[in-house]
Amino acid sequence: MLEPLLGSKSSEKVLIFIEALGEGYAREISRFFGTALTPIQKQLDKLELGGILVSSSKGRTRIYTFNPRYPFLKELKVILDKALSFYPENERERLLMNRRRPRRRGKPL
Amino acid sequence: MKSIGKMTQAELATYVQAHLQKRGVTVILSGGAAVSIYTDNQYVSADIDLVDVNFVKRKKIIDAMEDIGFCETNRYFKHPDTRHIVEFPPGPLSVGDEPVRSINEVKFSTGILKVISPTDCVKDRLAAYYYWNDQQSLTQALLVAKYQRVGLTEIKRWSLSTGKKQEFQIFLKKHSKKGKSDAREGSTNVL
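Sequence order for the protein chains is A and B. Residue 64 in my numbering is what sits at position 64 of the first sequence, and the numbering runs on without skipping anything. Residue 8 in my numbering is what sits at position 8 of the second sequence, and the numbering runs on without skipping anything.
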């Protein structure tokens with residue numbers, strides 16, 4: 001949807017995912033959208049270098065969030081929110097209902 | 001001209017800035033190195049953050065840096081004769097969602113350094129404190145405000161516009177306390 005504006009599908013996926021969930025890491029994003037890992041990693045790198053995202057390590061995972069110091073963040077989020085509202089119902093549900101609460105290690109369900 | 005190995009951080013930043021300017025690349029010093037300069041090196045940072053305000057192609061910067069012996073490693077530029085690392089954070093030059101308009105010029109043996117103003121330097125540090133609760137950044141903001149004359153009214157306006165009234169009050173309270181203890185100790189502001 002935002003590909004013509006953002007230049008790539010992967011970029012849109014990354015930004016939409018982080019807008020919906022607040023944060024994300026490469027494997028999680030690629031799994032969610034069922035796409036290859038490398039293009040997602042490349043986009044995360046590119047967006048971090050551009051100052052749009054920031055990252056920090058948690059264990060062996062690099063977690064990305066929006067850079068609150070990015071001067072156009074407010075405006076970017078408005079566009080992403082609008083785009084998200086145009087996403088198919090099931091896709092939007094999957095994004096917004098993605099489990100974020102803790103789950104004990106080893107729990108069967 | 002001093003050799004790169006003997007230059008202080010500020011002198012090196014000035015030298016690199018002047019060299020890039022000759023190649024048509026305008027950069028402004030921001031980040032930790034600006035804090036060092038404004039606090040008489042009370043805070044020491046090995047990084048030199050130069051923000052490219054004209055959004056030139058990365059290749060142009062790489063070529064210009066290679067001319068003076070810097071090598072790019074993982075987006076950072078290193079020189080064999082200095083421990084200082086030069087980085088070019090993405091523009092635009094801004095604090096929060098506002099553009100930086102006022103640029104200071106400070107004279108060093110290697111030329112005149114263009115650097116964000118002390119007031120913007122405080123705002124830049126406070127942004128990291130406001131958004132990530134980074135206490136080191138708060139300390140740096142307080143140091144700059146102690147060593148330099150800064151626009152507290154402007155910092156307040158900006159803080160309120162970012163919705164950080166409470167955090168600004170903490171900064172102000174600590175700043176006032178520092179001011180009082182400094183007055184007792186008889187210290188004076190520099191620059």
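Hints were generated in silico from the structure; no laboratory data involved. It should be emphasised that the depicted structure is a prediction, and the values quoted were computed from it without experimental measurement. For each residue, glycine too, the CB sits at the ideal point set by N, CA and C. A few of these clues could be false.
[As the list claims (entries may be wrong)] Straight line, CA to CA, 30 Å or less: simulated DSBU-like cross-link-like pairs of lysine-lysine:
1. B:K114 <-> B:K146
2. B:K165 <-> B:K177
3. A:K74 <-> B:K78
4. B:K59 <-> A:K46
5. B:K107 <-> A:K74
6. B:K156 <-> A:K74
7. B:K146 <-> A:K9
8. B:K60 <-> B:K78
9. A:K58 <-> B:K78
10. B:K146 <-> B:K177
[Claimed, not checked] Every beta carbon over 12 Å from chain A, so not counted as near; a handful from chain B, in silico:
11. L93
12. S94
13. E98
14. S109
15. F168
Checklist entry - For this structure, which hints from the list above don't hold up? => result Hints 3, 5, 7, 11, 12, 13 not satisfied by this model.
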